[in-house]
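Enquirer: Top line first, the protein sequences correspond to chains Y and H. Quick note on numbering: the first sequence equals residues 1 to 536 in our numbering. Quick note on numbering: the second sequence equals residues 1 to 536 in our numbering.
Hints were generated in silico from the structure; no laboratory data involved. It is possible that part of the hints are untrue.
Note that the list lumps identical chains together, so a pair holds whenever it fits in one copy or between two copies.
Stated by the list, open to error - In silico DSS-like cross-links for lysine-lysine, where the CA-CA straight-line distance does not exceed 30 Å:
1. LYS414 with LYS459
2. LYS407 with LYS459
3. LYS392 with LYS416
4. LYS436 with LYS407
5. LYS481 with LYS407
6. LYS416 with LYS459
7. LYS436 with LYS414
8. LYS416 with LYS481
9. LYS370 with LYS481
10. LYS255 with LYS416
11. LYS392 with LYS436
12. LYS431 with LYS416
13. LYS255 with LYS407
14. LYS416 with LYS314
15. LYS481 with LYS459
16. LYS416 with LYS404
17. LYS437 with LYS407
18. LYS459 with LYS404
19. LYS431 with LYS407
20. LYS459 with LYS471
21. LYS414 with LYS370
22. LYS436 with LYS151
23. LYS436 with LYS463
24. LYS3 with LYS416
25. LYS392 with LYS459
26. LYS407 with LYS463
27. LYS463 with LYS370
28. LYS471 with LYS431
29. LYS3 with LYS404
30. LYS151 with LYS392
Listed below, chain by chain, are the residues.
Protein chains: 2
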Amino acid sequence: MNKERLYLYDTTLRDGQQTQGVSFSTAEKCRIAEALDCLGVDYIEGGWPGANPTDSAFFDAAPKTSARLTAFGMTKRSGRSAENDEVLAAVMNAGTGAVCLVGKTHEFHVRAALGIALEENVENIARSLAHIVAQGREALFDAEHFFDGYKANPGYALECLRAALEAGTRWIVLCDTNGGTLPVEVGEITAAVIAAGIPGDRLGIHTHNDTESAVAASLAAVDAGARQIQGTLNGLGERCGNANLTTLIPTLLLKEPYASRYEIGVDPAALRSLSAVSRQLDEILNRVPLRQAAYVGASAFAHKAGLHASAILKEPSTYEHIDPETVGNARVIPMSNQAGQSNLRRRLAEAGIAVEPGDPALARLLDTIKEREDQGYSYDSAQASFEILARKELGQMPRFFEVKRYKVTIERRKNKYDRMVSLSEAVVVVKVDGEKKLSVSESMDSEGCDRGPVNALAKALAKDLGPYQNKIADMRLVDFKVRITQGGTEAATRVIIDSEDAEGRRWSTVGVSPNIVDASFEALLDAINWKLLRAE
Amino acid sequence: MNKERLYLYDTTLRDGQQTQGVSFSTAEKCRIAEALDCLGVDYIEGGWPGANPTDSAFFDAAPKTSARLTAFGMTKRSGRSAENDEVLAAVMNAGTGAVCLVGKTHEFHVRAALGIALEENVENIARSLAHIVAQGREALFDAEHFFDGYKANPGYALECLRAALEAGTRWIVLCDTNGGTLPVEVGEITAAVIAAGIPGDRLGIHTHNDTESAVAASLAAVDAGARQIQGTLNGLGERCGNANLTTLIPTLLLKEPYASRYEIGVDPAALRSLSAVSRQLDEILNRVPLRQAAYVGASAFAHKAGLHASAILKEPSTYEHIDPETVGNARVIPMSNQAGQSNLRRRLAEAGIAVEPGDPALARLLDTIKEREDQGYSYDSAQASFEILARKELGQMPRFFEVKRYKVTIERRKNKYDRMVSLSEAVVVVKVDGEKKLSVSESMDSEGCDRGPVNALAKALAKDLGPYQNKIADMRLVDFKVRITQGGTEAATRVIIDSEDAEGRRWSTVGVSPNIVDASFEALLDAINWKLLRAE
Numbered sequence: 001m002n003k004e005r006l007y008l009y010d011t012t013l014r015d016g017q018q019t020q021g022v023s024f025s026t027a028e029k030c031r032i033a034e035a036l037d038c039l040g041v042d043y044i045e046g047g048w049p050g051a052n053p054t055d056s057a058f059f060d061a062a063p064k065t066s067a068r069l070t071a072f073g074m075t076k077r078s079g080r081s082a083e084n085d086e087v088l089a090a091v092m093n094a095g096t097g098a099v100c101l102v103g104k105t106h107e108f109h110v111r112a113a114l115g116i117a118l119e120e121n122v123e124n125i126a127r128s129l130a131h132i133v134a135q136g137r138e139a140l141f142d143a144e145h146f147f148d149g150y151k152a153n154p155g156y157a158l159e160c161l162r163a164a165l166e167a168g169t170r171w172i173v174l175c176d177t178n179g180g181t182l183p184v185e186v187g188e189i190t191a192a193v194i195a196a197g198i199p200g201d202r203l204g205i206h207t208h209n210d211t212e213s214a215v216a217a218s219l220a221a222v223d224a225g226a227r228q229i230q231g232t233l234n235g236l237g238e239r240c241g242n243a244n245l246t247t248l249i250p251t252l253l254l255k256e257p258y259a260s261r262y263e264i265g266v267d268p269a270a271l272r273s274l275s276a277v278s279r280q281l282d283e284i285l286n287r288v289p290l291r292q293a294a295y296v297g298a299s300a301f302a303h304k305a306g307l308h309a310s311a312i313l314k315e316p317s318t319y320e321h322i323d324p325e326t327v328g329n330a331r332v333i334p335m336s337n338q339a340g341q342s343n344l345r346r347r348l349a350e351a352g353i354a355v356e357p358g359d360p361a362l363a364r365l366l367d368t369i370k371e372r373e374d375q376g377y378s379y380d381s382a383q384a385s386f387e388i389l390a391r392k393e394l395g396q397m398p399r400f401f402e403v404k405r406y407k408v409t410i411e412r413r414k415n416k417y418d419r420m421v422s423l424s425e426a427v428v429v430v431k432v433d434g435e436k437k438l439s440v441s442e443s444m445d446s447e448g449c450d451r452g453p454v455n456a457l458a459k460a461l462a463k464d465l466g467p468y469q470n471k472i473a474d475m476r477l478v479d480f481k482v483r484i485t486q487g488g489t490e491a492a493t494r495v496i497i498d499s500e501d502a503e504g505r506r507w508s509t510v511g512v513s514p515n516i517v518d519a520s521f522e523a524l525l526d527a528i529n530w531k532l533l534r535a536e
Numbered sequence: 001m002n003k004e005r006l007y008l009y010d011t012t013l014r015d016g017q018q019t020q021g022v023s024f025s026t027a028e029k030c031r032i033a034e035a036l037d038c039l040g041v042d043y044i045e046g047g048w049p050g051a052n053p054t055d056s057a058f059f060d061a062a063p064k065t066s067a068r069l070t071a072f073g074m075t076k077r078s079g080r081s082a083e084n085d086e087v088l089a090a091v092m093n094a095g096t097g098a099v100c101l102v103g104k105t106h107e108f109h110v111r112a113a114l115g116i117a118l119e120e121n122v123e124n125i126a127r128s129l130a131h132i133v134a135q136g137r138e139a140l141f142d143a144e145h146f147f148d149g150y151k152a153n154p155g156y157a158l159e160c161l162r163a164a165l166e167a168g169t170r171w172i173v174l175c176d177t178n179g180g181t182l183p184v185e186v187g188e189i190t191a192a193v194i195a196a197g198i199p200g201d202r203l204g205i206h207t208h209n210d211t212e213s214a215v216a217a218s219l220a221a222v223d224a225g226a227r228q229i230q231g232t233l234n235g236l237g238e239r240c241g242n243a244n245l246t247t248l249i250p251t252l253l254l255k256e257p258y259a260s261r262y263e264i265g266v267d268p269a270a271l272r273s274l275s276a277v278s279r280q281l282d283e284i285l286n287r288v289p290l291r292q293a294a295y296v297g298a299s300a301f302a303h304k305a306g307l308h309a310s311a312i313l314k315e316p317s318t319y320e321h322i323d324p325e326t327v328g329n330a331r332v333i334p335m336s337n338q339a340g341q342s343n344l345r346r347r348l349a350e351a352g353i354a355v356e357p358g359d360p361a362l363a364r365l366l367d368t369i370k371e372r373e374d375q376g377y378s379y380d381s382a383q384a385s386f387e388i389l390a391r392k393e394l395g396q397m398p399r400f401f402e403v404k405r406y407k408v409t410i411e412r413r414k415n416k417y418d419r420m421v422s423l424s425e426a427v428v429v430v431k432v433d434g435e436k437k438l439s440v441s442e443s444m445d446s447e448g449c450d451r452g453p454v455n456a457l458a459k460a461l462a463k464d465l466g467p468y469q470n471k472i473a474d475m476r477l478v479d480f481k482v483r484i485t486q487g488g489t490e491a492a493t494r495v496i497i498d499s500e501d502a503e504g505r506r507w508s509t510v511g512v513s514p515n516i517v518d519a520s521f522e523a524l525l526d527a528i529n530w531k532l533l534r535a536e
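Isolated chain Y, as found in the complex (with noise of 0.2 Å):
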């Protein structure tokens, strides 16, 4: 049977970045990019060029991608050419092969926003997708408020696809901009637009999650005819969100009619690698992953209720609409961990432990791991100390120091100009080959900026580690990321340190505790202890 394509068009680094609180520096665009490409997306839209720096920088570091990247812009303003425009002319010199604008389609916005004659705003749209269509570029228009404004003049909102359409617009994007519109009145608008005329294969789909809808949404406008979808991994996006391509790719996938109907670029392997990258772009946010979210959450499999969690170890099928290997997650049911060994041996194998299957150790390990997973541990993202805390619980880690105590003191007054300042200073005390070493340092930086109590620990640990000392020496912390892991302010601390050496290595540690400085400590530790342990 002959499947119809369907194209996927990412928008985390342009309308994802509009979430509140979010906002990506450069070489986090290009992290975010890569990982949508292994994804398979068709699209990745990266900012819009001249708006910002950060979009502008993007644009000229990009990774090469199979996606075809994207800059997004706005129509022309009125009373200059398209060639003139200087806004325009940014997002032309991004140089990308897809070039997507925006324009009003919905006549009260015409009027009350730009404030010019209908007529003068389709010319604009009109004018600058020609613009594009001449530089040889691919042209997307984006239907501002499309429904809203079909609902309010359908023949002037389809004037304005039309001639887009005419000047040779590869895809309308039908935008539900307010987020407002429920799905079968999506259905059915799409449904009219290609009545009229407009062919469902050069129709895209942008929606947002204001009601919840956003994901059925999408989906029934491609019922209806629509062959592009636009989204961004876990739903970013302004307000309340975009169509989660997260939860969309998984269900174009596994169920039907879709999976049966549609091909789309991502293959199974890249599936599989869902929950990964969902887990990959809150960990650039420093965002708490959410446990419920569909497909890739933690809870996601978990099967909680006793009735649910008996039957699906008869058969897992009973109470699981899909099996989670395929997007890359895992089944949890709170009473059994056998479904771990075999996972963990192969975690083990990766650090070069090897472990028969059956052993013991295993099932002790695992239970270690959960419990310490239940404090806040994670490590999942912090693969270094994870390998540490295994060889500790088989008897395979050496014992290259001990730290018997540690004091960290931090005050801040005024100095002799009346300013205020802060210092900290931290003492610590070691234990290396039966010798006690005591070092002090301070957090002070050599601009004589104060750097924090976590500094200073690390550099009184570091200072004296004895026969140890110079096989430290080329190790640098690169990263420090603090996250709350309970909720509330008595909860704990989770610190994940990413550590450097010369040789290019790289490798994350993980504390936690109430106490933030105990937590950094924790993870100071393990990341020397690791590095020791691969300069033995």
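Given the structure of chain Y, go ahead and fit chain H onto it with the hints provided.
Expert: Coordinates of chain H only, in the frame set by chain Y:
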């Protein structure tokens, strides 16, 4: 025009309790039941009496409600009569006006999980529900796995429903237990059930969010003719959660075709309490509220995109699908370094600060904001700090107290039992009304657990503020977020603190410093100052 009545059936206390990490106390269940009753749901499912001690205790302690309290259980087992099934007896003994029994309608489950003949299962359904009716209770039948069962064997699935109906069951609830059925199919199968003779006004719908479509699937069932909707507050529930009543209620009241066609038990005044009810549940669960939640989330009406924010200032309806006040929520126009003066004036007005257009203070304040955002401050997620910054710049910020200095000590060493323990101690010196006050606190909580330096500092700071002390007594820190803003360890740390008070206010403040304790202290100071401003 005659509207048809739709009934809302809340299962927060039963299915919601299957959420991973959630377990309610009896007192919490009572508080939630009261909130649900004020909201205006028709049924409150309280739990499964006999299945666990909390559920049984709740039915004894339950508040008197207008909503019909409902006990949940399962159809009688084979080999005994309904009268002699002790599991069913425990459910009946709760004495509720309504009883809902789950039973199987999927032939595979009857054979695989129950291991009984298909006819025997039908008999168990009929006898169990007849027993409830005979006792003068309202009977509901929860048809487990109905959609999957109907697809496998429609004749048998319908036979089960008919048996329940003929036994006098008030509501037959079509349950998509595994959550994998998409909205279109839910609608088609519901229509087929009605066509097969089960009246729509006897049909309920119970969906799960495993494909992020539980809300849309519930609406599809209503479109097809079902007249009872089951769901939970905030979409709590097993795995990915149940259909979210917090979303469905405003959609039914505010969106077409539902608003014109149907009436529900929730009135406009109750609708305005919706955001508060949602937050109250999160507070009971000690969960961080989901910012992007539809209708009630803190970001649901946050307009970050420059184009949107400027249009909103002219006319809110341009980028809002409903008026946020109808659901007790509020519009947020986050500050960002692109925002212009009119946006700023709007934000100031919201904080009760009037500034004339063109006032030079506006440009000054914009510069200050931009400079601080470059340092890592984020006023988009910390509106209370924005207000304080603005008031300072405009000379409208009272100086309640002055911090002269502080000192925090963190120590980790062996205790007398040779175990490593840590303890933090903070000394804060403030000047209030010309009087110098020294306060000291340690980080140990009432359970002997070390809560770390920020906790010690917060306690010392709040310990003695003289005349202001009683004004901050009801203040509580509810979340604490830390992020490194410039990458690398030598970078600045941004701390955002969310606080709450007894009046239900919630505010966010920000602090930035390379020293995490110092950044936290700055955010704490803003939090207290903002509370004092409001208490004036």
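Enquirer: Evaluate each hint against the coordinates.
Expert: Hints, one by one, checked against the model:
For a Cα distance limit of 30 Å, the shortest separation of LYS414 from LYS459 qualifies both inside one copy, at 25 Å, and across copies, at 22 Å. For the identical chains of this complex, LYS407 and LYS459 are neighbours both inside a copy (13 Å) and across copies (21 Å), given an alpha-carbon limit of 30 Å. Proximity of LYS392 and LYS416 under a CA criterion of 30 Å is satisfied inter-copy only: 25 Å between copies versus 50 Å inside one chain copy. In this assembly of identical chains, LYS436 and LYS407 lie within 30 Å of each other by CA distance both inside one copy and across copies; the values are 16 Å within and 28 Å between.
Within a single copy, LYS481 and LYS407 get their C-alpha atoms as close as 22 Å, and across copies as close as 25 Å, so both meet the 30 Å cut-off. For a Cα distance limit of 30 Å, the shortest separation of LYS416 from LYS459 qualifies both inside one copy, at 27 Å, and across copies, at 28 Å. Taking the closest pair of Cα atoms, LYS436 and LYS414 come within 30 Å of each other only across two copies (15 Å); inside a single copy the shortest separation is 36 Å, beyond that limit. For the homomeric pair LYS416 and LYS481, neither the shortest alpha-carbon distance inside one copy (35 Å) nor that between copies (33 Å) is at most 30 Å.
Taking identical chains as interchangeable, the C-alpha atoms of LYS370 and LYS481 lie at most 30 Å apart whether they share a chain (22 Å) or sit on different chains (25 Å). Taking the shortest alpha-carbon separations for LYS255 and LYS416, neither the intra-copy value of 66 Å nor the inter-copy value of 62 Å comes in at or below 30 Å. In this homomeric assembly, LYS392 and LYS436 come within 30 Å of each other (Cα to Cα) only inside a single copy, at 23 Å, whereas the closest approach across copies is 52 Å. In this assembly of identical chains, LYS431 and LYS416 lie within 30 Å of each other by CA distance solely across copies; the values are 19 Å between and 39 Å within a copy.
Taking the shortest Cα distances, LYS255 and LYS407 never come within 30 Å of each other, neither inside one copy (56 Å) nor across copies (60 Å). Proximity of LYS416 to LYS314 under the C-alpha cut-off of 30 Å is found in neither arrangement, the shortest distances being 68 Å within a copy and 51 Å between copies. Taking identical chains as interchangeable, the C-alpha atoms of LYS481 and LYS459 lie at most 30 Å apart whether they share a chain (18 Å) or sit on different chains (25 Å). For a Cα distance limit of 30 Å, the shortest separation of LYS416 from LYS404 across copies, 14 Å, qualifies, whereas the shortest one inside one copy, 36 Å, does not.
For the identical chains of this complex, LYS437 and LYS407 are neighbours both inside a copy (14 Å) and across copies (26 Å), given an alpha-carbon limit of 30 Å. Taking identical chains as interchangeable, the C-alpha atoms of LYS459 and LYS404 lie at most 30 Å apart whether they share a chain (16 Å) or sit on different chains (29 Å). In this homomeric assembly, LYS431 and LYS407 come within 30 Å of each other (Cα to Cα) both inside a single copy, at 16 Å, and across copies, at 29 Å. When the C-alpha separation of LYS459 and LYS471 is checked against a cutoff of 30 Å, the pair qualifies only within one copy, where the shortest distance is 15 Å, while the shortest distance between copies is 42 Å.
For the identical chains of this complex, LYS414 and LYS370 are inter-copy neighbours only, at 27 Å across copies versus 47 Å inside a copy, given an alpha-carbon limit of 30 Å. In the homo-oligomer, the alpha carbons of LYS436 and LYS151 never lie at most 30 Å apart, since the shortest distance is 76 Å inside one protomer and 66 Å across protomers. For the identical chains of this complex, LYS436 and LYS463 are intra-copy neighbours only, at 13 Å inside a copy versus 40 Å across copies, given an alpha-carbon limit of 30 Å. For the homomeric pair LYS3 and LYS416, neither the shortest alpha-carbon distance inside one copy (74 Å) nor that between copies (72 Å) is at most 30 Å.
In the homo-oligomer, the alpha carbons of LYS392 and LYS459 lie at most 30 Å apart inside one protomer (26 Å), although the nearest pairing across protomers, at 38 Å, exceeds that limit. In this assembly of identical chains, LYS407 and LYS463 lie within 30 Å of each other by CA distance both inside one copy and across copies; the values are 15 Å within and 25 Å between. For a Cα distance limit of 30 Å, the shortest separation of LYS463 from LYS370 qualifies neither inside one copy, at 34 Å, nor across copies, at 39 Å. In the homo-oligomer, the alpha carbons of LYS471 and LYS431 lie at most 30 Å apart inside one protomer (17 Å), although the nearest pairing across protomers, at 50 Å, exceeds that limit.
Proximity of LYS3 to LYS404 under the C-alpha cut-off of 30 Å is found in neither arrangement, the shortest distances being 66 Å within a copy and 72 Å between copies. Taking CA atoms no more than 30 Å apart as the test, LYS151 paired with LYS392 passes in neither setting, with 66 Å inside one copy and 47 Å between copies.
Hint violations for this structure: numbers 8, 10, 13, 14, 22, 24, 27, 29 and 30, all remaining hints satisfied.
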